[in-house]
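2 protein chains.
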Amino acid sequence: MTPLFARLTIAGVGLIGGSLGRAARDAGLVGEVVGFGRSEQNLRVARERGLVDRVTRDPAEAVAGADAIVLAAPVGTCAALAEVFRPHAQAGAILTDAGSVKATLVAALERAWADVGPVVGAHPIAGSEASGAGAAQADLFRGRRCILTPTQRTDPQALRDIRTLWEAAGCIVLTMDPMLHDKVLGAVSHLPHAAAFALINALAEVQRDTPELDLLAYSGGGLRDTTRIAASSPEMWRDIFLWNRDNLVAQIEVFERHLQQLKRLIQSGDGPAIEQELDRAKRVREQLNR
Amino acid sequence: MTPLFARLTIAGVGLIGGSLGRAARDAGLVGEVVGFGRSEQNLRVARERGLVDRVTRDPAEAVAGADAIVLAAPVGTCAALAEVFRPHAQAGAILTDAGSVKATLVAALERAWADVGPVVGAHPIAGSEASGAGAAQADLFRGRRCILTPTQRTDPQALRDIRTLWEAAGCIVLTMDPMLHDKVLGAVSHLPHAAAFALINALAEVQRDTPELDLLAYSGGGLRDTTRIAASSPEMWRDIFLWNRDNLVAQIEVFERHLQQLKRLIQSGDGPAIEQELDRAKRVREQLNR
Numbered sequence: 000m001t002p003l004f005a006r007l008t009i010a011g012v013g014l015i016g017g018s019l020g021r022a023a024r025d026a027g028l029v030g031e032v033v034g035f036g037r038s039e040q041n042l043r044v045a046r047e048r049g050l051v052d053r054v055t056r057d058p059a060e061a062v063a064g065a066d067a068i069v070l071a072a073p074v075g076t077c078a079a080l081a082e083v084f085r086p087h088a089q090a091g092a093i094l095t096d097a098g099s100v101k102a103t104l105v106a107a108l109e110r111a112w113a114d115v116g117p118v119v120g121a122h123p124i125a126g127s128e129a130s131g132a133g134a135a136q137a138d139l140f141r142g143r144r145c146i147l148t149p150t151q152r153t154d155p156q157a158l159r160d161i162r163t164l165w166e167a168a169g170c171i172v173l174t175m176d177p178m179l180h181d182k183v184l185g186a187v188s189h190l191p192h193a194a195a196f197a198l199i200n201a202l203a204e205v206q207r208d209t210p211e212l213d214l215l216a217y218s219g220g221g222l223r224d225t226t227r228i229a230a231s232s233p234e235m236w237r238d239i240f241l242w243n244r245d246n247l248v249a250q251i252e253v254f255e256r257h258l259q260q261l262k263r264l265i266q267s268g269d270g271p272a273i274e275q276e277l278d279r280a281k282r283v284r285e286q287l288n289r
Numbered sequence: 000m001t002p003l004f005a006r007l008t009i010a011g012v013g014l015i016g017g018s019l020g021r022a023a024r025d026a027g028l029v030g031e032v033v034g035f036g037r038s039e040q041n042l043r044v045a046r047e048r049g050l051v052d053r054v055t056r057d058p059a060e061a062v063a064g065a066d067a068i069v070l071a072a073p074v075g076t077c078a079a080l081a082e083v084f085r086p087h088a089q090a091g092a093i094l095t096d097a098g099s100v101k102a103t104l105v106a107a108l109e110r111a112w113a114d115v116g117p118v119v120g121a122h123p124i125a126g127s128e129a130s131g132a133g134a135a136q137a138d139l140f141r142g143r144r145c146i147l148t149p150t151q152r153t154d155p156q157a158l159r160d161i162r163t164l165w166e167a168a169g170c171i172v173l174t175m176d177p178m179l180h181d182k183v184l185g186a187v188s189h190l191p192h193a194a195a196f197a198l199i200n201a202l203a204e205v206q207r208d209t210p211e212l213d214l215l216a217y218s219g220g221g222l223r224d225t226t227r228i229a230a231s232s233p234e235m236w237r238d239i240f241l242w243n244r245d246n247l248v249a250q251i252e253v254f255e256r257h258l259q260q261l262k263r264l265i266q267s268g269d270g271p272a273i274e275q276e277l278d279r280a281k282r283v284r285e286q287l288n289r
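Each protein sequence line maps, in turn, to chains S and D.
Here the first sequence is numbered in numbering that gives the first Met the number 0, starting from 0 and rising by one per residue.
Here the second sequence is numbered in numbering that gives the first Met the number 0, starting from 0 and rising by one per residue.
None of these hints come from the bench; they were simulated from the model.
These numbers come from a predicted model, not from an experiment.
Fair warning: there could be bad hints in the mix.
Think about it this way: if two alpha-carbon atoms lie no more than 30 Å apart in a straight line, the pair counts; the simulated DSS-like pairs of lysine-lysine are [to be verified]:
{"#": "1", "chain 1": "S", "residue 1": "K262", "chain 2": "D", "residue 2": "K262"}
{"#": "2", "chain 1": "S", "residue 1": "K281", "chain 2": "D", "residue 2": "K281"}
{"#": "3", "chain 1": "D", "residue 1": "K262", "chain 2": "D", "residue 2": "K281"}
{"#": "4", "chain 1": "D", "residue 1": "K262", "chain 2": "S", "residue 2": "K281"}
{"#": "5", "chain 1": "S", "residue 1": "K262", "chain 2": "S", "residue 2": "K281"}
Okay, the calculated bits of chain D under chain S, using three or more residues with CB under 8 Å as the criterion [what the hints assert, rightly or not]:
{"#": "6", "stretch": "32-44"}
{"#": "7", "stretch": "101-107"}
{"#": "8", "stretch": "203-214"}
{"#": "9", "stretch": "248-260"}
Listed next, the stretches of chain S that the computed footprint assigns to chain D, with coverage defined by at least 3 CB atoms under 8 Å from CB atoms of chain D [what the hints assert, rightly or not]:
{"#": "10", "stretch": "157-163"}
{"#": "11", "stretch": "217-229"}
{"#": "12", "stretch": "244-258"}
The beta carbon of each residue, even a glycine, is placed where N, CA and C say it ideally should be.
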């Protein structure tokens, strides 16, 4: 069987990139997976765990002869890597990514890659607060959604190839307009992360102001769950926030209004209206469990 | 062996009250547990599951001859029940509760019970978004903290008895000033709940404004965890918010400031400052896992 890609380069062999490399190797879909990254230690872990066939920190060596290059780094790094790889990539090499923001990033990749080959935006929804090659696992994507965000410029064959790659990794693959993707993910992922980071920082301030509180000692499952995602990678989320800025700022403002509304009802002691707000939230939330 | 209480009345045989009844029965600590409540159906479930020995919807019958009465209802209902039970309670009957707010509630209970017997405020930290007798379980409290909040008026023997009750249920029992309790729980529990309710209502608004989004279909584990507690009982949380109003409003305002701060950094595109905020949150959050 001819492999889908004789050589696949994965730039960033962390949780997402490393898991994809291993899944593609296990599926027999690729001739060779080359892992590229900054950290020698992380690359060693990736190599030892069989996530990739070989590793390098040299951009030219990383993409030489690659049929496809997956950018699995923080969104801002993805855009920068496209520029770094461009002079070394072979003509026709597919450039794809795994970033959580699509519209601004795919546009940047298409500009950078215009003279090289096709670009396909992709976002596997399989993150967690864990990171690094040590956290990667072959079945990370099993049953998870992967959203491809083709534009008018996307090559149909490249789109099919990237779909095949993610399906082989176990994903349910969908396509979506990149702008719509960023609104949806802004709401269901980026806003909750912003809320969790801000909530933890607020609690730290309350703790600082009244040291006798020892908040951490009394926290229960509710706080742990609500803020689990605040342990996510600061570098990765800094980039997501910056690259989805317009959607996220607008959505934070919707959240601010609802929080202020609830606060006002509590201040004025309006029991029935508070209960109505909470009841509405409960009914929406319960739909998430279906 | 003489039981701790010949007759223990539990008003509200839901998750907390029902679990306590069952745990006290299993521990052989009580002669008889009487379950009081509004809902005939819930009382039947409590009886069938052996959470209590017998049930009644009549206040006089519920507290007649009881050595101790546990109020395990929404905080506002606890205060009202103390008034309802007062004319029917035997002299010296201990009144205690399991509410998530203490200062305002314990003061109300002490006023209502002044001519009857001792009052002991208690808060087992073992809630979840589940509720009702069907969710109760004997081991709910195993290893969980129960905070007793004695005041200057608290009878030492009654305090020891209530400590014995919760320790028999498996709790690690601590004592704390009621005002301090409400600050701590406001921060680690009430504020995260307020945030989760408001976040879900914000997402519902985003969804309403752009129906093509179908947010629920794309939500991942992050959103589910962050908002799990938004499925909690609206009636219970309405009362917690109202009875801990001053602490909660002040803490919501700290949260609002941190959220606004993060929003401004995103708006102005200040990458290093965003990363610093997220990094600070990550470090605090990781302490919760210890």
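Against the structure, the hints come out as follows:
1. S/K262 - D/K262: holds (19 Å)
2. S/K281 - D/K281: With a Cα-Cα distance of about 28 Å, the restraint between S/K281 and D/K281 holds, given a limit of 30 Å.
3. D/K262 - D/K281: holds (18 Å)
4. D/K262 - S/K281: holds (26 Å)
5. S/K262 - S/K281: holds (18 Å)
6. 32-44: violated (count 0)
7. 101-107: It is violated, with 0 qualifying residues against the three required.
8. 203-214: Check passed, 9 qualifying residues.
9. 248-260: holds (count 12)
10. 157-163: Contact hint for the stretch 157-163 of chain S vs chain D: violated, 0 residues under 8 Å.
11. 217-229: holds (count 13)
12. 244-258: holds (count 12)
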